[in-house]
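Novice: The task is simple: from the sequences and hints, build the whole structure.
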Amino acid sequence: MMRAKAWRCGCTALALVAACAGAAWGSAGPPRATDLTELSLEELMGLQVTSVSRREERLFDAAGAVFVLTREDLRRSGVHSLPEALRLVPGMHVAQVNNSQWAISTRGFSDRFAHKVLVLVDGRSAYSDLFSGVLWEDLEIPLAEVESIEVMRGPGSALWGANAVNGVISIVTRRPRGETGGTVELGVENGERRGTVSREGTWGERSAWRFWGGTGQVDAQAEAGGDSAHDGRRASCLGLQLGRGLAQGDLSIDLGVRRTDAGQTTVLPALTPPYGTPVEDSLSLSGVSSLVRWTRRRPSGGSAQLLVFAEQSHREERLATYTVNALDVDFQSFVPLGPRHDLLWGGEIRRQADDFRNDPVYLSLAPARRTVELWNLFVQDQVTLAGGRSHLTLGSKAEHSEISGWSLMPSARLQVELGGAQSGWASVSRSARTAGRAEADVDGAWLGTVPAPDGVPVRLIGTGSRDLDTEEVVAWELGYRVQPGAGLSLDLAAFHHEYEHVLASCSAGLTPETDTVPYRTQLVQGCNAGTARAAGVETSLVWSPSARWRWSAAYSYLGFTTHLPAGLDAWTGSSPRHMAQLRLQGDPRPGWETDLALFYTDSLPHQDVPAVLRLDLRLERTLRTGLGLEIVGRNLLDDRHREFGSSQLGGIATEVRRSAGIALHWRY
Amino acid sequence: MIWALLALLGPVQADMASPVSFAEEYRIKAAFLFKFTKFVEWPREAYQAEPGRHVFCIYGTDPFGPVLDQTLAGKQVEGRAAVVRRVRETEELRHCHLVFLAAPEEALLPEILAGLGDAPVLLVGESPGFARQGGAINFVLRQGHVRFEINPRAATHARLKIDVQLLDLAEIVGPKGMG
Numbered sequence: 104m105m106r107a108k109a110w111r112c113g114c115t116a117l118a119l120v121a122a123c124a125g126a127a128w129g130s131a132g133p134p135r136a137t138d139l140t141e142l143s144l145e146e147l148m149g150l151q152v153t154s155v156s157r158r159e160e161r162l163f164d165a166a167g168a169v170f171v172l173t174r175e176d177l178r179r180s181g182v183h184s185l186p187e188a189l190r191l192v193p194g195m196h197v198a199q200v201n202n203s204q205w206a207i208s209t210r211g212f213s214d215r216f217a218h219k220v221l222v223l224v225d226g227r228s229a230y231s232d233l234f235s236g237v238l239w240e241d242l243e244i245p246l247a248e249v250e251s252i253e254v255m256r257g258p259g260s261a262l263w264g265a266n267a268v269n270g271v272i273s274i275v276t277r278r279p280r281g282e283t284g285g286t287v288e289l290g291v292e293n294g295e296r297r298g299t300v301s302r303e304g305t306w307g308e309r310s311a312w313r314f315w316g317g318t319g320q321v322d323a324q325a326e327a328g329g330d331s332a333h334d335g336r337r338a339s340c341l342g343l344q345l346g347r348g349l350a351q352g353d354l355s356i357d358l359g360v361r362r363t364d365a366g367q368t369t370v371l372p373a374l375t376p377p378y379g380t381p382v383e384d385s386l387s388l389s390g391v392s393s394l395v396r397w398t399r400r401r402p403s404g405g406s407a408q409l410l411v412f413a414e415q416s417h418r419e420e421r422l423a424t425y426t427v428n429a430l431d432v433d434f435q436s437f438v439p440l441g442p443r444h445d446l447l448w449g450g451e452i453r454r455q456a457d458d459f460r461n462d463p464v465y466l467s468l469a470p471a472r473r474t475v476e477l478w479n480l481f482v483q484d485q486v487t488l489a490g491g492r493s494h495l496t497l498g499s500k501a502e503h504s505e506i507s508g509w510s511l512m513p514s515a516r517l518q519v520e521l522g523g524a525q526s527g528w529a530s531v532s533r534s535a536r537t538a539g540r541a542e543a544d545v546d547g548a549w550l551g552t553v554p555a556p557d558g559v560p561v562r563l564i565g566t567g568s569r570d571l572d573t574e575e576v577v578a579w580e581l582g583y584r585v586q587p588g589a590g591l592s593l594d595l596a597a598f599h600h601e602y603e604h605v606l607a608s609c610s611a612g613l614t615p616e617t618d619t620v621p622y623r624t625q626l627v628q629g630c631n632a633g634t635a636r637a638a639g640v641e642t643s644l645v646w647s648p649s650a651r652w653r654w655s656a657a658y659s660y661l662g663f664t665t666h667l668p669a670g671l672d673a674w675t676g677s678s679p680r681h682m683a684q685l686r687l688q689g690d691p692r693p694g695w696e697t698d699l700a701l702f703y704t705d706s707l708p709h710q711d712v713p714a715v716l717r718l719d720l721r722l723e724r725t726l727r728t729g730l731g732l733e734i735v736g737r738n739l740l741d742d743r744h745r746e747f748g749s750s751q752l753g754g755i756a757t758e759v760r761r762s763a764g765i766a767l768h769w770r771y
Numbered sequence: 012m013i014w015a016l017l018a019l020l021g022p023v024q025a026d027m028a029s030p031v032s033f034a035e036e037y038r039i040k041a042a043f044l045f046k047f048t049k050f051v052e053w054p055r056e057a058y059q060a061e062p063g064r065h066v067f068c069i070y071g072t073d074p075f076g077p078v079l080d081q082t083l084a085g086k087q088v089e090g091r092a093a094v095v096r097r098v099r100e101t102e103e104l105r106h107c108h109l110v111f112l113a114a115p116e117e118a119l120l121p122e123i124l125a126g127l128g129d130a131p132v133l134l135v136g137e138s139p140g141f142a143r144q145g146g147a148i149n150f151v152l153r154q155g156h157v158r159f160e161i162n163p164r165a166a167t168h169a170r171l172k173i174d175v176q177l178l179d180l181a182e183i184v185g186p187k188g189m190g
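Residue numbers (my numbering), protein chains in the order written: chain A, 104 to 771; chain B, 12 to 190.
FYI, nobody ran anything at the bench for these hints, they're computed from the structure. Computed from a predicted structure; not experimentally measured. Glycine residues also receive a C-beta, built at the ideal position from the N, C-alpha and C atoms. Misleading hints may appear alongside valid ones.
Said to hold, decoys possible - Beta-carbon label-pair distances, calculated as ranges:
(1) B:P54 <-> A:R727: 37 to 47 Å
(2) B:P62 <-> A:A529: 41 to 51 Å
(3) A:L349 <-> B:H156: 36 to 46 Å
(4) A:I452 <-> B:R164: 49 to 59 Å
(5) A:H503 <-> B:I183: 28 to 38 Å
(6) A:G450 <-> B:T167: 48 to 58 Å
(7) B:Q176 <-> A:L718: 50 to 60 Å
(8) B:Q176 <-> A:I452: 36 to 46 Å
(9) A:L480 <-> B:D179: 52 to 62 Å
(10) B:Q176 <-> A:Q415: 50 to 60 Å
(11) A:L685 <-> B:I183: 51 to 61 Å
Specialist: And the structure:
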């Protein structure tokens, strides 16, 4: 949501960590309808290897704090929205503000308006250049459509670009696999109903198609006082995917349409007490997108990929109505150079043309209509060192945005096999967060009204600044992994981030004015206010005592300090110091699955949120091959609790409540 | 809205195990790894260390991701539970019954063979020349189909007995590259 908020303290680090090579996946479910082991040897030999499918390629180098949520993890968790799925990632702080809004971050800077973590969907950035961040309500992807979520905590800018400051979340959606079949999922939970369908098939020898659709409806939640928060929501989306194998590669085309209508309560600032009027507002989001991807594999082992993405999206609410036309062209090439070097290089051009409808009283941009162009180049070399037991990865990205100018983001990573199924890694990287239109172009944004000591109301008006320095971070990280055997694996990561030129809102002038009442106007402008430091550790443990049971546990600690002028720091106390989770996946008997998840999140003093302990339970029974019935209970320990505070402009926080639901999954 | 979407589904396949004519390369290979164990006999002492388990190991680079675990989940070989391990040390390979070496690990085959000696381990690979150099079974792609080469001498050296049914379907490879 593009609001004056952008230059307020508030960074959301999305860092996703992909699991290291060799983590035990250990999922033990009943066999599926398309279980290939049921075929005879001759039948197996008769199968055609589909060239339109994508292998399970690991997106992130293991020389980093990486974690992967596979399709099995997502299915077993019982969650059905993308933000909730991120809660399963160690070190990830996920807080629900209300039905549509989330505060998601890692390693500090938790905020409703996250802009320190990059989110990729199938390789293209889901970043909004308008407000310079990711709005989770804009990402309308049903969880049933997600194949995996790979997360890397820590700066990923050398490869993934600016704004991958605290990490990268890569969402990979399901693709046609050259099989014939489909799925249907229907679910009902307290005040919520959802359904998704998908169907795929082949056509000709080398082509495959897939169609999917999803819809969901959520009833409005209740505020603490019992009033409705008017945040009911209804969302639908449809997609069509086509894939074709080529002589030495493949081509895929994805088309998608989405539409969300939600209610929300927006607080409009006023000059008279109580200085803010809550009004019932509605939020309307819609979008049409297309993604074309062409990959080519070379006989020498190299490959190249070209991606073209185009989207038109529209947003309408009381304080911000705009249309964005985005075009993204991305090229990557992987070139093995001899036995010791693997070179990866590429570039991207991104153009976002947005048209903002100005409101002279509350929020306007100058110019209202603008096209922002961004382009970047990157190169990375992975060097195999003596004996093939360690790898050194050196890389850098150079990015130019017309708002922020140039940024250079280098990184160096070292990974070493230590023997005995142990490996260690270390890295140092520099990353930057570029400003968006929200920082540069705001002409006048009424942020709120506060009474001065003499009783005269002071109107806070935010304006943009074109002289901002880019926020930077230098990160030092260290990691260790071991698989001592007996189904056990342990992952440790430690980090130290130094942030410079941290953006905050500074006062820029106070002028007296008169209208129906005398008041003053306090100009607030984005400024580079100071520095911040984040240091901590993240650990996760997986233990599979047998093929039927799997324990996973994670703990993370964050020490966060800032050197900012008093009153400008909204981040200290907005991210939890300790987070922990414990999960158990079990298959007690054939045809039965049980899952338990316990999450602990420390208190957020600045958001006035106490520590939360949350328990989710899930039970699934396979009724017949491919058909399962699931019962889920969420937030079982609390009748209700808050996870985050309200934002200054709109976005009233509601409480998350205990709920139970059932769902039917059918795969044919 | 949900019902409208369901109507678009089209005719439902009456046969639940719908015919699959295409599949992913590694799903096919995972199914083969399981099938091979039905046609190969290990000597009794191979199970002494862990009697209830039949151990499938992936050495080094893992091209399967979750696919092998999903394929073997809940499966049994001669009444023993199929388990998957990822291994980085050559010394640990003798505790496996079947070891899969992905293409990037091909160069390590001679070292692995030397280390294993005549230990009862079925080595399966997917690189050209794997079987000729002494691996027991090697996956090859022929016109988009997954086929396999078998080196019977390598299997005999490891004290493994391969069923004639499997040999008949394989391309037999001798130690001097007769293929």
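Novice: So, for every hint listed, does it hold in this structure?
Specialist: A quick look at each hint next to the structure:
no. : hint                          : verdict
1   : B:P54 <-> A:R727: 37 to 47 Å  : holds (41 Å)
2   : B:P62 <-> A:A529: 41 to 51 Å  : holds (42 Å)
3   : A:L349 <-> B:H156: 36 to 46 Å : violated (19 Å)
4   : A:I452 <-> B:R164: 49 to 59 Å : holds (57 Å)
5   : A:H503 <-> B:I183: 28 to 38 Å : violated (60 Å)
6   : A:G450 <-> B:T167: 48 to 58 Å : holds (55 Å)
7   : B:Q176 <-> A:L718: 50 to 60 Å : holds (52 Å)
8   : B:Q176 <-> A:I452: 36 to 46 Å : violated (57 Å)
9   : A:L480 <-> B:D179: 52 to 62 Å : holds (55 Å)
10  : B:Q176 <-> A:Q415: 50 to 60 Å : holds (59 Å)
11  : A:L685 <-> B:I183: 51 to 61 Å : holds (52 Å)
Taken one by one, the earlier hints fail for this structure at numbers 3, 5 and 8, listed in ascending order.
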